[in-house]
Structures are given as C-alpha cells and as structure tokens.
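Chains as they are written, first to last, in the numbering used here: chain A, 1 to 216; chain B, 1 to 111.
Since the hints were derived computationally from the structure, they do not count as laboratory data. A few of these clues could be false.
A short, non-exhaustive set of chain A residues, derived as facing chain B with CB atoms under 7 angstroms [what the hints assert, rightly or not]:
# : residue
1 : E10
2 : G72
3 : L81
4 : G108
Here are the computed distance ranges between Cβ atoms for each label pair [to be verified]:
# : chain 1 : residue 1 : chain 2 : residue 2 : range
5 : B       : L104      : A       : K88       : 29 to 35 angstroms
6 : A       : L99       : B       : K92       : 32 to 38 angstroms
7 : A       : N5        : B       : R79       : 32 to 38 angstroms
8 : B       : N55       : A       : V109      : 52 to 58 angstroms
9 : B       : K89       : A       : K73       : 29 to 35 angstroms
We put the beta carbon where it would ideally sit given N, CA and C, even for glycine.
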Amino acid sequence: MEQLNIKALEKKAFRSFFRDGIYDVFLGTILLSFGLPLILSEFGWIHWKTMLVPLVISIILNVGALVFFVFGKKYITAPRLGIVRFGKTRKRKMMHVKLLLVISVLIGVVTLFLTLFKILPVGGNTGIPAAGVIFGIQVLIVFGLAAYFMDFTRLYLYAFLFAVSMPVTFWLKKNASLAYPTLYVFCLTAGPMLVIGWTLFIRFLRQYSHNTKGED
Amino acid sequence: MSRQRKDDTQDLGRLLNTDRIIHEPARLMILAYLSAVESADFIFLLNQTGLTQGNLSFHLSKLEESDYVAIEKKFIGKRPHTMLSITDKGRKTLKKYLKTMKGLIDSLVDF
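All chains, full assembly: derive it from the sequences and hints.
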C-alpha cells in the first residue's frame with residue numbers, strides 16, 4: 001500500500017509537466033507540417049512541380065515546433081513548475097520512448113525509400129498508398145506505447161488522430177467529391193491538438209506567473 | 001493486567017515513540033514527494049505541496065537538521081537554486097514510520 005502511494009505521487013509529479021500544453025502544440029504543429037503543403041497545393045497556391053516551397057514550409061513548421069518545445073520547456077515551464085530528476089524506473093520508461101521514436105523514424109525512412117523506388121503500391125481501389133497505411137499503423141503503435149510509458153493520456157487520442165490523417169486524406173481524395181479534403185482532415189486532426197495545446201498553454205501562463213513563486 | 005490488555009497497551013505505546021519530525025503532516029508530505037523522485041528543486045516542492053515559501057523553508061530546515069533531507073544550494077546566473085533529495089536515513093525512517101502507522105491503524109480498525 002505504501003509503495004502504491006509513492007508510485008501515485010511520482011506519477012502525479014511527472015504528469016504535472018503535461019499541464020503546460022507544450023507537447024500538444026509541438027505534436028499538432030508537426031502534424032500540420034505534413035498537411036499544410038498539401039492544403040496549399042489544393043488551393044492552387046503552390047505547385048508540386050516546384051517541390052522547394054512545400055519543403056521550406058514543412059521545415060519552417062518543424063523547426064518552429066522544435067524551438068518552441070525546447071525553449072518553452074526550459075524558459076517557461078521549468079521556472080514555473082521547478083526542476084525534477086526522476087528515479088530509475090521513470091528514466092527506463094523514457095529510454096523506451098526514445099527507442100520507440102528511433103524505430104518509428106527508421107520505419108518512416110524505409111517506407112519512404114520503398115515508395116520512391118516503387119516497391120510499395122501507390123494507390124489501388126481505395127486510393128490509399130501502402131506508405132499511408134504503414135504510417136498510420138506504426139504511428140498508432142509507437143504513439144500508443146509512448147502514451148503508456150509516459151502516462152500521457154491525451155497522447156492516445158493524438159496517436160489516433162495522427163494515424164488516420166494520411167489514409168483518410170487519400171481515401172477522400174479518391175472517393176469523395178469534396179472541394180478541399182486535405183483541409184478538412186487536417187482541421188479535424190491537427191486542429192484539436194493545437195486548440196487543446198494553446199488553451200492549456202495560456203491557462204498555464206495565467207495560473208503560474210513567473211516571479212510570484214520563487215526562492216527567497 | 002491480562003495478557004491481551006498488556007499487548008494492546010504495548011501496541012499503542014508505539015505511538016508515543018513515533019518520530020516527531022516525520023509525524024508533522026507538512027514534513028511527511030515533503031519526504032513522500034522526495035522519496036518518489038531522485039531530486040527536486042524548491043519551486044517543484046512549493047507547487048506540489050501547496051505550502052508557502054516560509055513554511056517550506058522552515059520544514060526543510062527541520063528535515064535537514066535531522067539528516068533526512070540533503071540540501072544543495074547553488075546559483076544559476078544571479079538567482080539562487082536549491083536542489084533537494086531524501087537521504088538514506090530519511091528513506092529508512094519514512095519506511096519505518098509508514099509501517100508503524102499502518103500497523104497501528106490496522107490494530108485500531110475494530111473499535
């Protein structure tokens with residue numbers, strides 16, 4: 001019983017660092033970086049023939065998300081929530097998460113090459129490329145396990161949203177007569193993450209003002 | 001005095017021997033949080049426990065005096081930064097305290 005309570009305290013302490021919404025904004029922006037170039041091309045604002053523009057947009061969003069994450073955690077969250085070094089069990093869990101992310105990136109790279117060399121089918125009756133299905137399944141597994149190891153409940157929802165984004169976009173493009181299918185899909189997937197993230201972030205800033213709680 | 005009554009008195013007598021440093025709720029809370037992590041800073045404990053700065057400082061000094069908590073003070077830039085961790089003695093005392101209290105509570109359940 002005493003062990004259980006200490007475990008619950010550790011879990012509560014670790015989860016308190018998800019209250020800032022920074023993870024949510026980071027993941028939402030990464031997902032948006034996949035979709036925004038497709039959305040802009042649907043509007044006819046950029047053409048896929050000139051790959052440079054979508055690539056630059058994607059890189060800007062990814063770098064922006066990473067900068068916000070690193071600097072946000074260091075200069076916004078840490079001064080307000082404090083600094084903690086967690087125990088061995090938590091460190092081992094976080095190592096599992098890092099390992100999962102490395103595996104996920106490797107699968108992504110292999111899938112990309114297999115698609116570029118036309119080893120994987122690019123469409124079919126459903127219009128969903130094999131790469132899209134592989135992306136969906138591996139994101140669901142990797143993010144699901146990461147959510148479990150990190151005790152990060154919202155990540156289960158984000159795993160689902162990430163996983164469905166690409167396959168549903170391709171399916172709608174082929175089978176539905178919608179004007180802007182990519183726009184709708186990414187509004188419904190990246191949108192909730194960004195809305196939840198920014199709401200939590202603003203609430204966090206209001207709740208914890210930097211200089212009211214400091215060391216004497 | 002019957003044997004049963006003598007045993008009960010001895011059990012409850014353990015309450016008088018409880019470590020008074022750890023028995024105080026705020027200090028117990030601080031030790032519980034520190035036992036859950038490797039180390040944490042002052043601001044983290046301030047947020048998690050909900051104590052005021054003065055209160056937290058006072059209780060930490062008491063725990064440090066008893067060698068239950070190790071306090072490492074340093075400066076990050078011009079700002080003071082305090083890292084805190086539970087000592088082996090503190091961890092042992094906490095475990096012993098929880099075991100004693102659990103035993104006592106269990107023996108008082110059927111009143």
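Exercise. Honestly, which of those hints from before does the structure not fit?
Worked result: 2 and 4
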